[in-house]
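Assembling the complex is the task here: the two chains are given apart, and the hints tell you how they should meet.
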Amino acid sequence: MTKEQALYNYCVRLGDNALVQSYRLSEWCSNAPILEEDLALTNMALDMTGRAQLLLQYAGKVAGHGKTADDMAYRRAEREYRNDLISELPDADFAFTMVRQMLVSTFECFLYAALVSSSDKEIAAIAAKAVKEARYHMAHTSEWVIRLGDGTEESNRRAQSALNILWSYTGGLFETTDADALLLSEGMAADVSQIKTKWQENIEAILREAKLILPADDYQQTGGRQGLHTEYLGHMLTEMQYLHRTYPEAIW
Amino acid sequence: MTNEVDFPSWEVFTQVKPGANYVHAGAIHAADKKMALQNARDTYTRRGEGTSIWVVPSESIVASNPGDKEMLFDPSNDKIYRLPTFYTMPEGAKAI
Numbered sequence: 000m001t002k003e004q005a006l007y008n009y010c011v012r013l014g015d016n017a018l019v020q021s022y023r024l025s026e027w028c029s030n031a032p033i034l035e036e037d038l039a040l041t042n043m044a045l046d047m048t049g050r051a052q053l054l055l056q057y058a059g060k061v062a063g064h065g066k067t068a069d070d071m072a073y074r075r076a077e078r079e080y081r082n083d084l085i086s087e088l089p090d091a092d093f094a095f096t097m098v099r100q101m102l103v104s105t106f107e108c109f110l111y112a113a114l115v116s117s118s119d120k121e122i123a124a125i126a127a128k129a130v131k132e133a134r135y136h137m138a139h140t141s142e143w144v145i146r147l148g149d150g151t152e153e154s155n156r157r158a159q160s161a162l163n164i165l166w167s168y169t170g171g172l173f174e175t176t177d178a179d180a181l182l183l184s185e186g187m188a189a190d191v192s193q194i195k196t197k198w199q200e201n202i203e204a205i206l207r208e209a210k211l212i213l214p215a216d217d218y219q220q221t222g223g224r225q226g227l228h229t230e231y232l233g234h235m236l237t238e239m240q241y242l243h244r245t246y247p248e249a250i251w
Numbered sequence: 000m001t002n003e004v005d006f007p008s009w010e011v012f013t014q015v016k017p018g019a020n021y022v023h024a025g026a027i028h029a030a031d032k033k034m035a036l037q038n039a040r041d042t043y044t045r046r047g048e049g050t051s052i053w054v055v056p057s058e059s060i061v062a063s064n065p066g067d068k069e070m071l072f073d074p075s076n077d078k079i080y081r082l083p084t085f086y087t088m089p090e091g092a093k094a095i
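Those protein sequences? They're chains L and E, same order as listed. Numbering-wise (numbering that gives the first Met the number 0), the first sequence opens with residue 0 and increments by one. Numbering-wise (numbering that gives the first Met the number 0), the second sequence opens with residue 0 and increments by one.
Worth flagging that the hints you see were computed from the coordinates, not collected in a lab. Here the structure is a predicted model, which is why all the values come from computation and not from measurement. Check before you lean on any hint, since a few could be wrong.
[Unchecked claim] Using C-beta positions, here's what the derived DEER-type ranges look like:
{"no.": "1", "chain 1": "L", "residue 1": "K131", "chain 2": "E", "residue 2": "V15", "range": "34 to 40 Å"}
{"no.": "2", "chain 1": "E", "residue 1": "N20", "chain 2": "L", "residue 2": "R134", "range": "25 to 31 Å"}
{"no.": "3", "chain 1": "L", "residue 1": "E230", "chain 2": "E", "residue 2": "I60", "range": "49 to 55 Å"}
{"no.": "4", "chain 1": "E", "residue 1": "T50", "chain 2": "L", "residue 2": "C28", "range": "39 to 45 Å"}
{"no.": "5", "chain 1": "E", "residue 1": "P65", "chain 2": "L", "residue 2": "H234", "range": "51 to 57 Å"}
{"no.": "6", "chain 1": "L", "residue 1": "E248", "chain 2": "E", "residue 2": "N20", "range": "49 to 55 Å"}
Each residue gets a CB set at the ideal place from its N, CA and C atoms; glycine is no exception.
The shape of chain E in the complex, shown without the other chains (with noise of 0.2 Å):
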């Protein structure tokens, strides 16, 4: 590691099996798509964790400043006819 590369860095997110969300898994640096879906393979399904992969750059997410957080989520703290609590679940229904 002696030379400083200065590569973009990408978000890593797997798909553990097939219809299941992807989700993050870290980031990686890569110079090119091909480079980032090989970097992101080699560190992160090496233990056979995936069926797929998505690679993004970086600089393509879009993220809500954390000082916004009371703006942003406590409204929906107090307002418990917004959860879905009053329904009886079906028995066996734990994809819900």
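Just chain L, with the same shape it has in the complex (with noise of 0.2 Å):
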């Protein structure tokens, strides 16, 4: 594999997690328990549209077959998706998006991090603007993963009950490739072990102070990487992308 492609690679999966959490954080989009709630949720699904659209377009740059991000975005199939599974996932109810997002945007606030300091110019400067917008959206998700579960008898039980399902899908953030490796040594990727003890160690004191249980169960699901999915993507994307697959130039 060629440092093109394992750059490309890098790019389609971090556009496609932005791009699949960006679809389920819009799905509450007038359905949230609050008005307040219903914009933050929202802002964080356009934060999310817009991660997605830089790396995307960056993407097709990489690989040079002049893509567009809409093409990315809206001409792949299912297995073409590199997303992590955990993304996919479909909101059962309030605390699932919360906990979800929690966890994840705790990982991404390690990871672009990290990737600010990238040697590839691009990919350095679409990370500083995503780790400003993932460190609000921990902020504003551990506050209420904390009031969740030590909150009612309710709260909780929903709340741990996400935990619960989600845990198994969170050692898929954590999984590399030999494309990895390699950009690794050229100083262009994020190192996820290195970011593996400091995510454990913050969501721990966040699951504490929120009174839930991590799960003892070890099992994680893989597959992401491969483009091996949950049946819900299949399902996401006949949503997504019916438009423009209807009508292949339609703009607005």
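Rendered as structure tokens:
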């Protein structure tokens, strides 16, 4: 694998994560418990859309095939998506959304903080913007996780059951490939093995305050890096890509 | 918005640039101080309007009764000597 191919895969993975998270967050539009939270969740969705656009556009540029961000988002099939499985799971309830976003945004805080010093100038510039967003996403969602976990009996039960489901998908965040090793040696990618300890410490601190219990089961799902997804991504893409596939040149 | 949530109301003030006055932006609902700041940020500063935010519990605002308007404000209207209109303003002094 060449450096260009490895960089392409890396950008696609980061871009797909942003795009898929954006989609799930935007599903809360008009459905959040209060108006203020509706704005907060759609704000986060917009941050993610912006990030996806930059990363997928850059991926197209690196590949040199002239594909735009829209081509990348709307004209790839499920198996070509490289997002982490945790991002595509449907939201069972508000607690699920908050616990998921807390787990992922905490990871992204460390990831993008490391990528700010990437030797690839474009990645570094995107990371400088993303890390600020991720910090706010982490602050907002960890507050909610603490409130829900240390709230009523029902909110604690919902947050705990969300954590029990989501925990086995967190391993995917730290999966690496040969392409990652190549980029790492070039100083372009972030070393997720170093991020893992810091991430775990932060998550455990939040969960302690939230009176939530870390699942003891260590089993972890895999597959996102190979494009092997849960049954949910296909349904998401069907809806997301419908308009573009039906009216291929549609613009607004 | 199916469930009725009964969070208290907070008044939001934003500062556009350092040193400027905090200006009332509106009101939001939130359960506690941290949530109030975050909701204020998400509701009123989404287009880069601010450098800083104040949130104040709405119940802490003491307001005068509009019915007392005449008593409170009319007496100052006929005392022109209270207005600093007799000074010559230096040219270029905009902030006075």
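* To do: Please test the hint of 34 to 40 Å on the beta carbon pair from K131 (chain L) and V15 (chain E).
  => 20 Å, violated
* Asked: Within 39 to 45 Å or not, the Cβ separation of T50 (chain E) and C28 (chain L)?
  -> 29 Å, violated
* Return holds or violated for the Cβ distance of E230 (chain L) and I60 (chain E) against the range 49 to 55 Å. => Between E230 (chain L) and I60 (chain E), where Cβ atoms are some 52 Å apart, the hint holds.
* Asked: Is it true that N20 (chain E) and R134 (chain L) lie within 25 to 31 Å of each other by Cβ?
  -> Hint holds: Cβ distance 28 Å, inside 25 to 31 Å.
* P65 (chain E) paired with H234 (chain L), Cβ distance criterion 51 to 57 Å -> Holds: the Cβ-Cβ distance is about 56 Å, inside 51 to 57 Å.
* Asked: Within 49 to 55 Å or not, the Cβ separation of E248 (chain L) and N20 (chain E)?
  -> 50 Å, holds
Comparing the model with each numbered hint stated earlier shows that hints 1 and 4 do not hold.
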